[in-house]
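Colleague: Generate coordinates for the entire structure from the input sequences, incorporating the hints supplied.
Top to bottom, those sequences are chains A and B.
For the first sequence, our numbering gives the first residue as 1, with consecutive numbering after it.
For the second sequence, our numbering gives the first residue as 1, with consecutive numbering after it.
Just so you know, the hints here were simulated from the structure itself, not pulled from any lab data.
Mixed in with the good hints there might be a few duds.
The calculated lysine to any residue pairs, modelled on SDA-like cross-linking and capped at a C-alpha distance of 25 Å, are [claimed, not checked]:
id, chain 1, residue 1, chain 2, residue 2
1, B, Lys167, B, Asn178
2, B, Lys167, B, Ser110
3, A, Lys123, B, Thr109
4, B, Lys310, A, Glu143
5, B, Lys310, A, Leu100
6, A, Lys69, B, Arg399
7, A, Lys21, A, Ala85
8, A, Lys123, B, Phe38
9, A, Lys69, B, Tyr400
10, A, Lys21, B, Val381
11, A, Lys123, B, Ile3
12, B, Lys310, A, Val18
13, A, Lys123, A, Glu143
14, A, Lys76, B, Trp395
15, B, Lys373, B, Ala35
16, A, Lys123, B, Pro5
17, B, Lys310, A, Ser75
18, A, Lys76, B, Glu300
19, B, Lys167, B, Asp139
20, B, Lys310, A, Gly114
21, A, Lys211, A, Asn194
22, B, Lys310, A, Ala93
23, A, Lys76, B, Lys167
24, A, Lys76, B, Asp139
25, B, Lys373, B, Met263
26, A, Lys76, B, Tyr400
27, A, Lys69, B, Pro311
28, A, Lys76, B, Gly166
29, B, Lys310, A, Asp181
30, A, Lys69, A, Gln113
31, B, Lys342, B, Phe38
32, B, Lys373, B, Phe388
33, B, Lys310, A, Asn86
34, B, Lys310, A, Lys21
35, B, Lys342, B, Arg399
36, B, Lys167, B, Glu113
37, B, Lys265, B, Tyr371
38, A, Lys211, A, Asp181
39, A, Lys76, B, Arg396
40, A, Lys21, A, Ala93
Since we're looking at a predicted model, the values are computed, not measured.
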Amino acid sequence: MTAVRCVDICKTYAQGDVDIKALDHLSIEVAKGEFVCLMSPSGGGKTTLLNAIGGLDIPDSGEVWVADKRVDQMSKGELADLRLANIGFVFQAYNLIPVLTARENVEFVMQVQGVPAAERRQKSTAILEEVGLQGLENRRPAEMSGGQQQRVAVARAIVSRPALVLADEPTANLDSHTSDDLMELFTELNEHHNTTFIIATHDQRVMGYAKRLVRMLDGRIVEDIPQNAS
Amino acid sequence: MRIAPVLGRLAWRYLWRNHRRTIIMLSAISIGAWAMMFMTALTRGMVDQMISDGISVIPGHVQIHHPGYLDDPSIANRLPYTDAELARRFDGAGFVAWASRVRVPAVITSERESRGVTLLGIDPAAERAFSFVDYDAVDGRFLESVDDSGIVIGAKLAGTLETEVGKRVVLMTQDPENEIADRGFRVVGLFHANIESYEDSFVFVGKRTAQDLLHIGDTTTEAVFVGDDYRNVEPVYDIVSAAVDDTVRVSRWTEIDTYLGTMLKTMDGFMLIWVVVIFLALSFGLVNTLVMAVFERVREIGLMLALGMKPAMILGQILIESMLLLGIGLLIGDVLAYATVKPLESGIDISIVAQGMEMFGASSMLYPALYLKDVILANVVVLILGFFASLSPAWRASRYEPVEAITKVG
Numbered sequence: 001m002t003a004v005r006c007v008d009i010c011k012t013y014a015q016g017d018v019d020i021k022a023l024d025h026l027s028i029e030v031a032k033g034e035f036v037c038l039m040s041p042s043g044g045g046k047t048t049l050l051n052a053i054g055g056l057d058i059p060d061s062g063e064v065w066v067a068d069k070r071v072d073q074m075s076k077g078e079l080a081d082l083r084l085a086n087i088g089f090v091f092q093a094y095n096l097i098p099v100l101t102a103r104e105n106v107e108f109v110m111q112v113q114g115v116p117a118a119e120r121r122q123k124s125t126a127i128l129e130e131v132g133l134q135g136l137e138n139r140r141p142a143e144m145s146g147g148q149q150q151r152v153a154v155a156r157a158i159v160s161r162p163a164l165v166l167a168d169e170p171t172a173n174l175d176s177h178t179s180d181d182l183m184e185l186f187t188e189l190n191e192h193h194n195t196t197f198i199i200a201t202h203d204q205r206v207m208g209y210a211k212r213l214v215r216m217l218d219g220r221i222v223e224d225i226p227q228n229a230s
Numbered sequence: 001m002r003i004a005p006v007l008g009r010l011a012w013r014y015l016w017r018n019h020r021r022t023i024i025m026l027s028a029i030s031i032g033a034w035a036m037m038f039m040t041a042l043t044r045g046m047v048d049q050m051i052s053d054g055i056s057v058i059p060g061h062v063q064i065h066h067p068g069y070l071d072d073p074s075i076a077n078r079l080p081y082t083d084a085e086l087a088r089r090f091d092g093a094g095f096v097a098w099a100s101r102v103r104v105p106a107v108i109t110s111e112r113e114s115r116g117v118t119l120l121g122i123d124p125a126a127e128r129a130f131s132f133v134d135y136d137a138v139d140g141r142f143l144e145s146v147d148d149s150g151i152v153i154g155a156k157l158a159g160t161l162e163t164e165v166g167k168r169v170v171l172m173t174q175d176p177e178n179e180i181a182d183r184g185f186r187v188v189g190l191f192h193a194n195i196e197s198y199e200d201s202f203v204f205v206g207k208r209t210a211q212d213l214l215h216i217g218d219t220t221t222e223a224v225f226v227g228d229d230y231r232n233v234e235p236v237y238d239i240v241s242a243a244v245d246d247t248v249r250v251s252r253w254t255e256i257d258t259y260l261g262t263m264l265k266t267m268d269g270f271m272l273i274w275v276v277v278i279f280l281a282l283s284f285g286l287v288n289t290l291v292m293a294v295f296e297r298v299r300e301i302g303l304m305l306a307l308g309m310k311p312a313m314i315l316g317q318i319l320i321e322s323m324l325l326l327g328i329g330l331l332i333g334d335v336l337a338y339a340t341v342k343p344l345e346s347g348i349d350i351s352i353v354a355q356g357m358e359m360f361g362a363s364s365m366l367y368p369a370l371y372l373k374d375v376i377l378a379n380v381v382v383l384i385l386g387f388f389a390s391l392s393p394a395w396r397a398s399r400y401e402p403v404e405a406i407t408k409v410g
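Modeller: Below is the structure:
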């Protein structure tokens, strides 16, 4: 069953007088329950591809399908509903809402989804413990380290058990020990809940957890290999 | 509606994220709201005083006259009813007070000076409840009955005529046959009025005395009816209209004293304009605050959109923020207005500008009046206009593209 399907998508950004092809006739299909790592040098198109899959950015051409829905033709409201119900995001930076505490950040998506307060509380407590942030529930982002903030963001992305998690450099601000813990958590979610992960990373350690490595260059896929074959 | 608590929490937290800016804006809104209501209370108090003085001097709330009297207020145009007929029609009709009067132009002469005045032949007992003259504060005494042979004049007129209590004056007017009707009166009292010009314009004699002077039997020129509220005279008007026939004209006070009537209507419009003008000054600060608040959290708005918030929710969040800011500011302004107007309700002495105020028919004491309806008007107008002023920054915030907003550089 296909979780994500991109067909011949192109995206060009204008940088001054120069047009930069962030995605260049890229096609990819990710099956439900896959654990995919996107690798590329900076500017290779990883983030643009994640944004296109998440409906944050609409490609100039081509088709993007998520959960059998045509993302690139959806309205803003439909995209919001899709993201809310199906996708967990972990961004590279600016991940948290600064006026909310760690717990409130984690509960934010559930609150928008309309999850009852008691259930939110129970789930947020469990996930914050799982990412090693017990005792820090009432701290605001400014009172936490970069790594702690990133773990809160990860907790928020996975707390409502989305079918698809899109993570852009999720371990960028984490020490190796915390990175390993996080990836173990991702792996567990992937294996036990069949959550699909698409992770853009430079981190070799993260790549070690992936079941499929997709190497990109200049907006194209240049290598797509299952990890057990690498 | 399930999203309302989270939008409210976000709005509240963002409001206090930059607490200095919020406090400054709250201060501006509070002071603006206070200024709106304080000025409204002063103006309302002044107008109330002018109207209530004006009504008590001349019109009452409703009057009846001969149809030609208002155009030609001579004794020939007097009411077709006798005092007995008036009493039969109106006694026990449910008015706060009513009285019939003789009111004609006259000339008063002392041994030194003459002045044109309005002669009021009254029943002092019937008019005590609503007269502009405080009977107990008269120098000498006020009239005691309809047959009283004395005359009560204003203290200022007494100065002009160079007369005083105990001296005699001559009152001269015309009877229905256009013959001179004159008579000597002993000054029995000097009255004082809030508005000095009244002391110069009116003289009081007993109603029966005036009727005898004018040879009009027991008829009068007008009957005056007073209800509960000068702003709502329709109940009184209806009772009076039902009790008379078409040989008399029934008039509301606003028709008799068009200046006062127009002033009341104008004042309501003025209040609204005043509130809107103050709001316009405030709106620049409000919109600027919201624009800045949105601008400094573009990335966070992008993040919320990326996490699944709909544009309408972002719009709602900014509007809630604006309404919270206005609501708190208005509340503080309301409390300030109440706290400053309440101690002044016993009156502000503005006698230093009394003569200037008299030009507008206002007295030398100002009694601020903060009405609930004015407070509600100011609050509702500010909230409604504030809502619309906030739409622009809120709309802009909701239109951000998530990816552009998230990657926006500070």
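Colleague: Could you run down the list of hints and mark each one as holding or not?
Modeller: Here is what the structure says about each hint:
For the hint pairing Lys167 (chain B) with Asn178 (chain B), the CA-to-CA distance comes to about 28 Å; that exceeds 25 Å, so the pair is violated. Of the supplied pair hints, the one linking Lys167 (chain B) and Ser110 (chain B) holds, its CA atoms being roughly 9 Å apart against a limit of 25 Å. With a CA separation close to 98 Å, the supplied pair Lys123 (chain A) and Thr109 (chain B) exceeds the 25 Å bound. Under the criterion of a C-alpha separation no larger than 25 Å, the hint pairing Lys310 (chain B) with Glu143 (chain A) is inconsistent with the structure, at around 29 Å.
Pair hint Lys310 (chain B) plus Leu100 (chain A) holds up; C-alpha atoms about 19 Å apart against a cutoff of 25 Å. Taken as a hint, the Lys69 (chain A) and Arg399 (chain B) pair is honoured in the structure, with Cα atoms around 23 Å apart against an allowance of 25 Å. Distance hint between Lys21 (chain A) and Ala85 (chain A) is unfulfilled; the C-alpha atoms sit about 31 Å from each other, more than 25 Å. For the hint pairing Lys123 (chain A) with Phe38 (chain B), the CA-to-CA distance comes to about 53 Å; that exceeds 25 Å, so the pair is violated.
At roughly 23 Å between alpha-carbon atoms, Lys69 (chain A) and Tyr400 (chain B) fall within 25 Å of each other, so this suggested pair holds. The straight-line distance between the Cα atoms of Lys21 (chain A) and Val381 (chain B) is roughly 53 Å, outside the 25 Å bound, and the hint therefore fails. At most 25 Å may separate the alpha-carbon atoms for a hinted pair to count; Lys123 (chain A) and Ile3 (chain B) meet this at roughly 19 Å. This hinted pair does not check out: Lys310 (chain B) and Val18 (chain A) have alpha carbons roughly 33 Å apart, beyond 25 Å.
Proximity of Lys123 (chain A) to Glu143 (chain A) is assessed by CA-CA distance (about 22 Å); at most 25 Å being required, the pair is judged to hold. This hinted pair checks out: Lys76 (chain A) and Trp395 (chain B) have alpha carbons roughly 14 Å apart, not beyond 25 Å. This hinted pair checks out: Lys373 (chain B) and Ala35 (chain B) have alpha carbons roughly 16 Å apart, not beyond 25 Å. Distance restraint check for Lys123 (chain A) and Pro5 (chain B): the Cα-Cα separation of roughly 19 Å lies within the 25 Å cut-off, and the hinted pair is therefore satisfied.
At roughly 11 Å between alpha-carbon atoms, Lys310 (chain B) and Ser75 (chain A) fall within 25 Å of each other, so this suggested pair holds. With a C-alpha separation of about 17 Å, the suggested pairing of Lys76 (chain A) with Glu300 (chain B) holds against the 25 Å cut-off. For the suggested pair Lys167 (chain B) and Asp139 (chain B), the alpha carbons sit about 13 Å apart, so the restraint of at most 25 Å is met. As the CA atoms of Lys310 (chain B) and Gly114 (chain A) are separated by approximately 14 Å, the hinted pair is consistent with the 25 Å bound.
For the proposed pair Lys211 (chain A) and Asn194 (chain A), the alpha carbon gap of about 13 Å is at most 25 Å, so the pair holds. Note on Lys310 (chain B) and Ala93 (chain A): the hinted pairing holds, with a Cα-Cα distance of about 21 Å set against a maximum of 25 Å. Only pairs whose Cα atoms come within 25 Å are accepted, and Lys76 (chain A) paired with Lys167 (chain B) is rejected, the gap being roughly 93 Å. For the suggested pair Lys76 (chain A) and Asp139 (chain B), the alpha carbons sit about 83 Å apart, so the restraint of at most 25 Å is broken.
With a C-alpha separation of about 18 Å, the suggested pair Lys373 (chain B) and Met263 (chain B) falls inside the 25 Å cut-off, and the hint holds. As the CA atoms of Lys76 (chain A) and Tyr400 (chain B) are separated by approximately 10 Å, the hinted pair is consistent with the 25 Å bound. Restraint check for Lys69 (chain A) and Pro311 (chain B): the C-alpha separation of about 21 Å stays at or below 25 Å, so the hint holds. For the hint pairing Lys76 (chain A) with Gly166 (chain B), the CA-to-CA distance comes to about 92 Å; that exceeds 25 Å, so the pair is violated.
For the hint linking Lys310 (chain B) to Asp181 (chain A), the alpha-carbon distance of about 33 Å lies beyond 25 Å, and the restraint is violated. Of the pairs offered as hints, the one joining Lys69 (chain A) and Gln113 (chain A) holds, with about 20 Å between alpha carbons and a cut-off of 25 Å not exceeded. Our distance criterion of 25 Å between C-alpha atoms is met by Lys342 (chain B) and Phe38 (chain B), whose separation comes to about 10 Å. Only pairs whose Cα atoms come within 25 Å are accepted, and Lys373 (chain B) paired with Phe388 (chain B) is accepted, the gap being roughly 22 Å.
The hinted pair formed by Lys310 (chain B) and Asn86 (chain A) meets the criterion: a straight-line CA distance of about 15 Å does not exceed 25 Å. This hinted pair does not check out: Lys310 (chain B) and Lys21 (chain A) have alpha carbons roughly 29 Å apart, beyond 25 Å. At roughly 47 Å between alpha-carbon atoms, Lys342 (chain B) and Arg399 (chain B) are farther apart than 25 Å, so this suggested pair is violated. A threshold of 25 Å between alpha carbons decides the hint, and for Lys167 (chain B) with Glu113 (chain B) the separation of about 13 Å falls inside it, so the pair holds.
For the suggested pair Lys265 (chain B) and Tyr371 (chain B), the alpha carbons sit about 16 Å apart, so the restraint of at most 25 Å is met. Proposed proximity of Lys211 (chain A) and Asp181 (chain A) is supported: the alpha carbons are some 17 Å apart, at most 25 Å. With a C-alpha separation of about 15 Å, the suggested pairing of Lys76 (chain A) with Arg396 (chain B) holds against the 25 Å cut-off. About 23 Å separates the Cα atoms of Lys21 (chain A) and Ala93 (chain A), which keeps this hinted pair within 25 Å; it holds.
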